[in-house]
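Asker: Could you build the full structure based on these sequences and the hints that come with them?
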Amino acid sequence: MTPIDYLQFVLAPQVVNGLALGVAVVLVALGLTIIFGMLDVINMSHGEFYAIGAYAALALGAAGIGFWFLLVLVPVLMIPLGMAAERLLIRPVFDTKDRHVTTLLVTFGLGLIVEDVLKIVFGANTQRPPTPIPGATEILGIILPNYRLFLILVGAAIVLGVAFVVYKTRLGAMVRAAAFDRNMAASLGVPVSLVYAGTFAFGVSLAGLAGVLLAPIYSVFPTMGRDFILLAFTVVIVGGMGSIWGAVVAGLLLTQVQALASLVISPVWTDPIVFGTMVAFLVFRPQGLFGRLGHA
Amino acid sequence: MHDRLTQSMRASHLLALLFVLAALGLAALGAATGDTFYLRLGTEALIFAGLALSVDLLLGYSGALSLGQALYFGIGAYVSALTLMKLPSFWLAMGAAFLATLIASVIGGLIANRVRGVYFALITFGLAQVMAKVVYNTRELGASDGMIGIPVIEIGFGPFTVSAGSPVGFFMIVLAVIMGLYALTAYLLDTPFGRVLTALKANEKRVPFLGYSVWRARMAAYVLAGVIAGLSGALYPMLRGFVSPELMFFATSGNAVISVVLGGVGTLIGAIYGSVLLVILKSIIGSWTEHHLIVIGLLFMLCVMFLPKGLVGVVRPAIETWLSRRRLAPVPKAAPASLPAIVAETARTSR
Numbered sequence: 001m002t003p004i005d006y007l008q009f010v011l012a013p014q015v016v017n018g019l020a021l022g023v024a025v026v027l028v029a030l031g032l033t034i035i036f037g038m039l040d041v042i043n044m045s046h047g048e049f050y051a052i053g054a055y056a057a058l059a060l061g062a063a064g065i066g067f068w069f070l071l072v073l074v075p076v077l078m079i080p081l082g083m084a085a086e087r088l089l090i091r092p093v094f095d096t097k098d099r100h101v102t103t104l105l106v107t108f109g110l111g112l113i114v115e116d117v118l119k120i121v122f123g124a125n126t127q128r129p130p131t132p133i134p135g136a137t138e139i140l141g142i143i144l145p146n147y148r149l150f151l152i153l154v155g156a157a158i159v160l161g162v163a164f165v166v167y168k169t170r171l172g173a174m175v176r177a178a179a180f181d182r183n184m185a186a187s188l189g190v191p192v193s194l195v196y197a198g199t200f201a202f203g204v205s206l207a208g209l210a211g212v213l214l215a216p217i218y219s220v221f222p223t224m225g226r227d228f229i230l231l232a233f234t235v236v237i238v239g240g241m242g243s244i245w246g247a248v249v250a251g252l253l254l255t256q257v258q259a260l261a262s263l264v265i266s267p268v269w270t271d272p273i274v275f276g277t278m279v280a281f282l283v284f285r286p287q288g289l290f291g292r293l294g295h296a
Numbered sequence: 001m002h003d004r005l006t007q008s009m010r011a012s013h014l015l016a017l018l019f020v021l022a023a024l025g026l027a028a029l030g031a032a033t034g035d036t037f038y039l040r041l042g043t044e045a046l047i048f049a050g051l052a053l054s055v056d057l058l059l060g061y062s063g064a065l066s067l068g069q070a071l072y073f074g075i076g077a078y079v080s081a082l083t084l085m086k087l088p089s090f091w092l093a094m095g096a097a098f099l100a101t102l103i104a105s106v107i108g109g110l111i112a113n114r115v116r117g118v119y120f121a122l123i124t125f126g127l128a129q130v131m132a133k134v135v136y137n138t139r140e141l142g143a144s145d146g147m148i149g150i151p152v153i154e155i156g157f158g159p160f161t162v163s164a165g166s167p168v169g170f171f172m173i174v175l176a177v178i179m180g181l182y183a184l185t186a187y188l189l190d191t192p193f194g195r196v197l198t199a200l201k202a203n204e205k206r207v208p209f210l211g212y213s214v215w216r217a218r219m220a221a222y223v224l225a226g227v228i229a230g231l232s233g234a235l236y237p238m239l240r241g242f243v244s245p246e247l248m249f250f251a252t253s254g255n256a257v258i259s260v261v262l263g264g265v266g267t268l269i270g271a272i273y274g275s276v277l278l279v280i281l282k283s284i285i286g287s288w289t290e291h292h293l294i295v296i297g298l299l300f301m302l303c304v305m306f307l308p309k310g311l312v313g314v315v316r317p318a319i320e321t322w323l324s325r326r327r328l329a330p331v332p333k334a335a336p337a338s339l340p341a342i343v344a345e346t347a348r349t350s351r
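Chains as they are written, first to last, in this note's numbering: chain Z, 1 to 296; chain E, 1 to 351.
Read the hints as simulated data drawn from the structure, not as lab findings.
Treat the hints with caution; some may be incorrect.
As the list claims (entries may be wrong) - SDA-like, lysine to any residue: derived pairs with alpha carbons at most 20 angstroms apart:
{"#": "1", "chain 1": "Z", "residue 1": "K119", "chain 2": "Z", "residue 2": "T223"}
{"#": "2", "chain 1": "Z", "residue 1": "K97", "chain 2": "E", "residue 2": "F306"}
{"#": "3", "chain 1": "Z", "residue 1": "K119", "chain 2": "E", "residue 2": "T289"}
Answerer: Shown next as structure tokens:
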């Protein structure tokens, strides 16, 4: 194989696959890092909300609702779910002395329950919705599946949209103010408890959206959240807890490490290599790429 | 006059005594009926109780939630299995597991103790996941199938020997080891070292002002917890005759955390009760439905939200009151104030 062939048929598709996975991980990590950065809450059940989104897409898609409508419908349906979870589980323990540990434990319990409920309702088998955009495009002699290209574009649009809302709009400013100083924000007229519930629901809804987008590529099964959350947490840690740009950079970086390691070394060793990277990161830069250690 | 910690530890010791009596009762019942299933299950519950004990030592006393404590449990189990296959000696296996987990937890502690709080939880999670995957992919360690065919050993105590194949005999040995680990931990927590840990949890920023090294105390607690998990894990292959990468996976660490929360965080004996409770719950619910996670997850969440001290937290205050009432006319002696009291005091006065 000539170097050009290697580049064209092996390396480039792998890089694009890694990029699609990177966008997927960033989408899951985005909600996680927003919930952490704004609410100071660890959501261990985030992966299960991602799974709920994927199953909702599967079930509603089978009921005849089109993919494009699902992209809007499922995230909207996730909002009351997220609001309820925040009201029933997070708020009662929000003011405990060790909020991080308590919320982590509560949401860990929630994750266990959701996983089993999904198993009961949908069965333990792996399912896969049809790809909404079939076919492939040839770019510079590299053949790329259309859906992956779509995923990369949509993922980039979502991340930019979220970052715009959080950093540039009045709503985002209110959320950041409530996160920074609850009492001060409340006295300035910010409806703090609504903002908290809304932020949590927004993070959950992003997880659901990721579920809809990723189901056609990565299949749907009850433990899908648990498998993905590991990588998402790694991304959030390496990027710096609560940082949107950190999640983006770390997500793309780590999935490239993963894609290239599975190509150069062996697919079975990718997880140790990715987590090894995370450990190395934490040893040398515990606060992550863009994070502040004081926050956790 | 006793301070709160001593008081509550006394109550825990009484609960420990009750636990041992109940376990001996089960052993006697098992021996009389010739039952093997429940004794084996009880032995396994005790082994996992050791892991829960190590999680509680970290979470309940130094305030550090480890989501990867199964790492040391698994290392102990694998090292013990490898040793037993070369040379079927109980003491050698335990010694090797001790050494291996000592070294592993020093390395792990050097990494994990650089960070606090959530980062600590997630890095321990990551460390365990890395090692689990490494074991999962190593053919020499049996890869995903694990290792089977670990010989049934004879455990020698001077002139006596007990076979690990004997349900009652091995149950008693595991009971002795786990309760020994409990006693050791309880003893160490009652020494100045334990008071430094409690003080750390109360107010970490003030501890250095009293001349104690935060890092050293954390490290000591981490290594101690690692070794406890490792020694418990070392018993596993003796019971089941096999080891598998599942012992290191998150589910194992998660179960230990569930046990601790059900039993009561920061009570030590609660971890042991919680572990047994979890096994009982799983087998009872498991006989109705395979979806036992819903019930366990629900109980777990309710415990976190409404019973932060778990089951032991419900019964222990009553025992404490009973114990202090039973002690007639306490000797009026000015006890030296404990370190946590001093820390709390300085915190109050300087605020």
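Asker: Compare the distance between the alpha carbons of Z/K97 and E/F306 with 20 angstroms, and conclude whether the hinted pair is satisfied.
Answerer: Holds, at roughly 14 angstroms.
Asker: Assess, step by step, whether the Cα of Z/K119 is no farther than 20 angstroms from the Cα of Z/T223, and give holds or violated.
Answerer: holds (9 angstroms)
Asker: Between Z/K119 and E/T289, is the straight-line Cα distance small enough, at 20 angstroms or below?
Answerer: Distance ~12 angstroms between Z/K119 and E/T289 Cα, so the pair holds.
Checked against the numbered hints given earlier, this structure breaks none of them.
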